[in-house]
Amino acid sequence: MRVLVATDAWHPQVNGVVRTLDALERSVAALGGEIVFLSPDGFPRLALPTYPDLHVALPDRREIARRIEAERPDVIHVATEGPIGLAVRAYCRRNGLPFTTSFHTKFPEYIKARFGIPEAWSYLALRRFHAGARVTMVSTGSLVRDLRGRGFRRLGLWTRGVDTELFSPEPAFAYDLPRPIFLNVGRIAVEKNLPAFLSLDLPGSKVVIGSGPQEAELRARFPQARFLGEKQGRSLAAHMAGADVFVFPSLTDTYGIVQLEALACGLPVAAHPVPGPQDVIGGHPVGVLDADLRAACLGALRVSRTACRSFALTRTWDASARQFLRNACHGAIRQGSGAAQARLSALGAAA
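In the numbering used here, the protein residues as written are 142 to 492.
Nothing false has been slipped in among the hints.
Label pairs and their in silico Cβ distance ranges:
{"no.": "1", "residue 1": "Gln365", "residue 2": "Arg286", "range": "36 to 44 Å"}
{"no.": "2", "residue 1": "Pro344", "residue 2": "Gly183", "range": "46 to 54 Å"}
{"no.": "3", "residue 1": "Asp342", "residue 2": "Arg203", "range": "57 to 65 Å"}
{"no.": "4", "residue 1": "Gly273", "residue 2": "Glu212", "range": "14 to 22 Å"}
{"no.": "5", "residue 1": "Val177", "residue 2": "Leu318", "range": "39 to 47 Å"}
{"no.": "6", "residue 1": "Arg294", "residue 2": "Arg143", "range": "25 to 33 Å"}
{"no.": "7", "residue 1": "Glu212", "residue 2": "Gly424", "range": "39 to 47 Å"}
{"no.": "8", "residue 1": "Val415", "residue 2": "Arg360", "range": "22 to 30 Å"}
{"no.": "9", "residue 1": "Glu175", "residue 2": "Pro364", "range": "47 to 55 Å"}
{"no.": "10", "residue 1": "Glu371", "residue 2": "Asn236", "range": "35 to 43 Å"}
{"no.": "11", "residue 1": "Gln419", "residue 2": "Arg202", "range": "37 to 45 Å"}
{"no.": "12", "residue 1": "Arg202", "residue 2": "Arg443", "range": "54 to 62 Å"}
What the hints contain is simulated information worked out from the structure, not anything from laboratory work. Every value quoted in this text rests on a predicted model; they were computed, and no experiment measured them. No residue lacks a Cβ here, since even glycine has one placed at the ideal position from N, Cα and C.
Using the sequences and the hints given, assemble the complete structure.
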């Protein structure tokens, strides 16, 4: 069973979409299937003038068709709404092929924050993009409800997991900083709402891991915070395990895999009571959600690190991959679709 995933988000980017797709590839392979990617690799890329760390692929229509036909996929999944996603969607529409999509990012909120464009305009474009899909996969129940209220249809749940072997309480990095250590990990950009964290009156130290277009500004505005740049793999996990509280100030993330990664390291979460944190943390005793972010940070210091680790152990990428495959059953390509759907159903069946 071969699933072609079209994505604009790709290495060397470090974000939740790329981590999700990497984990999906590994988990589907372990289940006996295969994920192949149609990514920006091999296409010219254009740097965005105001965000030079981001590059947009410039796909060629004939090359897109050649790559799809060379892979002979059983299912086509469009993971992102960028140029690659648009080109693959257009190929499927021209050739009468079914496909599925996923909604990873609240771009309308991000675009409004950055450029002032009304959310309604962006949601209209996204609704049209996803309207042709057999299923649009989303990460949380609250996002399903939100998108249904905005006119999206044929939505399916595709939750996220965490690599609990990589992200674990040991080894822990030994910070040479005053305790407690309040940590944030992620892209340093306006939509992440980092000033809400960095401006708090908290004891100890504030640490930020990541990079992005707002980094220089925030370094200048908050010189007391420690900015450590990007970390990956075991180094990132160790830095998480060595902190005391993970602070997630975002108001717009659809999920926030980094919350699960922190919990797997035994790090309690402090966040606003908004979708994303509500879906990940909910009523579980592994963090504190409060409109007063300072109160959430201080309250999280009293959360059991053992409880955080135990909670994360129940959130596997295997279960996430099975959900993806069950949704993908609806997008089996017509030629041999009965056999393709049967194979997908078998792969996606609960253990």
